[in-house]
Amino acid sequence: MPSPAPVLDRPPRSRPEPAPEAVPGPVEGEEPVDGEEGGGGRGSGRPDRSAPARGRRTGRGPGRGRRGEQAPEAGPDDVEADPEGVARTIVLRKLAAQARTRHELATALASRDVPEDVADVVLDRMEAVGLVDDEAFARDWVASRQQRRHLSRSALRRELQTKGVDRDQIDEAVAEVETDDEVEAALALATKRFRSMQGLERDVQYRRLAGALARRGFSGAVASTVLSRVLDTPRD
1 MPSPAPVLDR PPRSRPEPAP EAVPGPVEGE EPVDGEEGGG GRGSGRPDRS
51 APARGRRTGR GPGRGRRGEQ APEAGPDDVE ADPEGVARTI VLRKLAAQAR
101 TRHELATALA SRDVPEDVAD VVLDRMEAVG LVDDEAFARD WVASRQQRRH
151 LSRSALRREL QTKGVDRDQI DEAVAEVETD DEVEAALALA TKRFRSMQGL
201 ERDVQYRRLA GALARRGFSG AVASTVLSRV LDTPRD
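If you're matching positions, the sequence shown starts at 1 in the UniProt record's numbering and goes up one per residue.
None of the hints are false.
What follows is a list of derived Cβ distance ranges for each label pair: (1) Asp166 to Gln198: 40 to 48 Å; (2) Thr107 to Thr191: 32 to 40 Å; (3) Leu231 to Ala110: 47 to 55 Å; (4) Asp168 to Glu116: 18 to 26 Å; (5) Thr107 to Gln147: 23 to 31 Å; (6) Arg145 to Leu92: 19 to 27 Å; (7) Ser154 to Thr107: 23 to 31 Å.
The set of hints was computed from the structure by calculation and includes no laboratory data.
On a predicted model such as this, the values are computed, not experimentally measured, just so you know.
All C-beta atoms, glycine included, are put in the ideal place defined by N, C-alpha and C.
Given the sequences, and given the hints that come with them, work out the whole structure.
So, in structure tokens, the structure goes:
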């Protein structure tokens, strides 16, 4: 039987050091996300405090410079170079703040020297996609103002006229206000005002309440109904 081969001493194998984790770069055509540049990438062990954290709002976005600063308004040169683009930007900015009538938007464009024909084209497109809708505006305005401000139908009509809403659209919106709704709005206003008139003579209370209702545009018949209910109701 052959003798076993001698066992040779082998040096221990050294483990290869793990390769550092690769930091993914931005996809082609995509801007790097804030916070992934500099020393704050993966594998650094600690974030780079000089860069904003991912997902944290920095106060900068489209159209903003430093925190809270608005983008500069378009000047006459911008209007001349791209009138439709400037008009569209103005309209969308106005609508982002609150609903507007076509007349209000046209006035805003005219104040920025946007040509009338360009304004008409842009506003026609906005109406086509439903961003400008005077009929819906009038309906929502009536419902909101009557509930929050306790306005009469005549006062609501005057407000919509100043906003340039078409007369037929005003008539349709105001017609949705029932007489009972108008009485309730007047009653809410008179009751609120009456709380601050305690201790006054009845004729003084009547005169002041009647004046408040008249200034809101309520008719004499509505005011008479409401005043009798407010002043003749027994108080604890």
